[in-house]
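Novice: This is what each chain is made of:
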Amino acid sequence: GENVEQHPSTLSVQEGDSAVIKCTYSDSASNYFPWYKQELGKRPQLIIDIRSNVGEKKDQRIAVTLNKTAKHFSLHITETQPEDSAVYFCAASSSNNDMRFGAGTRLTVKP
Amino acid sequence: EAGVAQSPRYKIIEKRQSVAFWCNPISGHATLYWYQQILGQGPKLLIQFQNNGVVDDSQLPKDRFSAERLKGVDSTLKIQPAKLEDSAVYLCASSLASLETQYFGPGTRLLVL
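One line per chain: the protein sequences are A and B, in this order.
Numbered per my numbering, the first sequence spans residues -14 to 96.
Numbered per my numbering, the second sequence spans residues -19 to 93.
None of these hints come from the bench; they were simulated from the model.
Note that the structure is a prediction, hence the values are computed from the model and not measured.
Cβ atoms here follow ideal geometry from the backbone N, Cα and C, with glycine treated the same way.
Taking lysine-lysine pairs in the DSS-like style, the calculated list, with each CA pair at most 27 Å apart, reads:
hint, chain 1, residue 1, chain 2, residue 2
1, B, Lys24, A, Lys22
2, B, Lys24, A, Lys27
3, A, Lys95, A, Lys27
4, A, Lys7, B, Lys24
5, A, Lys27, B, Lys(-9)
6, A, Lys27, B, Lys63
7, B, Lys(-9), A, Lys22
8, B, Lys24, A, Lys53
9, B, Lys24, A, Lys56
10, A, Lys22, A, Lys56
Some chain B residues flagged as far from chain A (calculated, every beta-carbon gap over 10 Å):
hint, residue
11, Ala(-18)
12, Lys(-5)
13, Gln(-3)
14, His9
15, Ala10
16, Pro41
17, Lys42
18, Asp43
19, Ser46
20, Asp54
21, Leu64
22, Ala68
Isolated chain B (complex conformation) (with noise of 0.2 Å):
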């Protein structure tokens, strides 16, 4: 069984521009998370959905990070304008439904100079 996919695994922006981020989920996962992981701290949820609805985003800063899963399958999450604080690793994860076993992907690690 193929894991969640993400890409790219590393990217390097400069601060005030603009990234995104790719996850394809595991086939039949209908929740889908993206994670923000700073160095050194737990993994911190921005959004889930449920297919294509957002079900919680309280954590997703909304004046500059957006996603969207549009037909209930990938899903991307963009910075815009990157912060140097944003840096960190980004972890996508996608379970059966809620509350069940999330299976994470590698991770993109985004680095704002």
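Pulled out of the complex, with its shape left as it was, chain A reads as follows (with noise of 0.2 Å):
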């Protein structure tokens, strides 16, 4: 089954700077890749996905890149403001209807 793996568990920004998580992916056959944001006590929120046709998928911010040869995305937060603070939890899922989710980065935003 698919297994996936996240990095860094922690991060810490100052405000306005870059933030970049990297998550790697075991299962080749894969082809749906969600972000999510979590803040404390609440659910998470799907903040943007890509799919395997496309390396590269950008919403104001937030932008994901995917790499399939190498088997690992990326999210990249731009400009972080401190409501950017939260945890962030990618995902994997192929048609087999295998949804893996990484363990979280917990993302600091320092005004």
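Please dock the two separately framed chains into a single complex, following the hints provided.
Specialist: See below:
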């Protein structure tokens, strides 16, 4: 089955700096890669996703890149703001319906 | 549009007792998921339904956990008997179809004493 590893587990940046979170996956059949943001005590919310037919997707300050050959994908947040502080989870899934989440990255943006 | 509803929001039980959680997905969503999220970890998929059929339950501890989605709408997740390590937040999510955006409910926080 799919196995997703996420790094780093914690990340602290200064407001305005960029943040990068990386994930690797094991199943070459995986073709859907969502990213979720979870604030303390709240439910995970999708912030961006990418499918295997594209290498990059951008939505304002958030971008995701995918390298299918290396089986890794990354989340990039530019011009970070204090409200970006949360736990971010990557996930991977294939048509086998095996959604697997990474362990999470706790991002702290210091004002 | 109403979101995913779950109840109860909190539950405290003693080990070896039974507990059940309920989920009402977003109207029209064919796919329903149950996740277990232990504190400090990512959500772990327990079971995935497509309408009223199970498509993935490979990580469900079937000796104590069971789930059903009768009529392809609401779903219940049951634990019997509960163990201390079952203490977690149980999240329900739904999507129009698999590999589409999942919308999570508020979760049920379970504490097993």
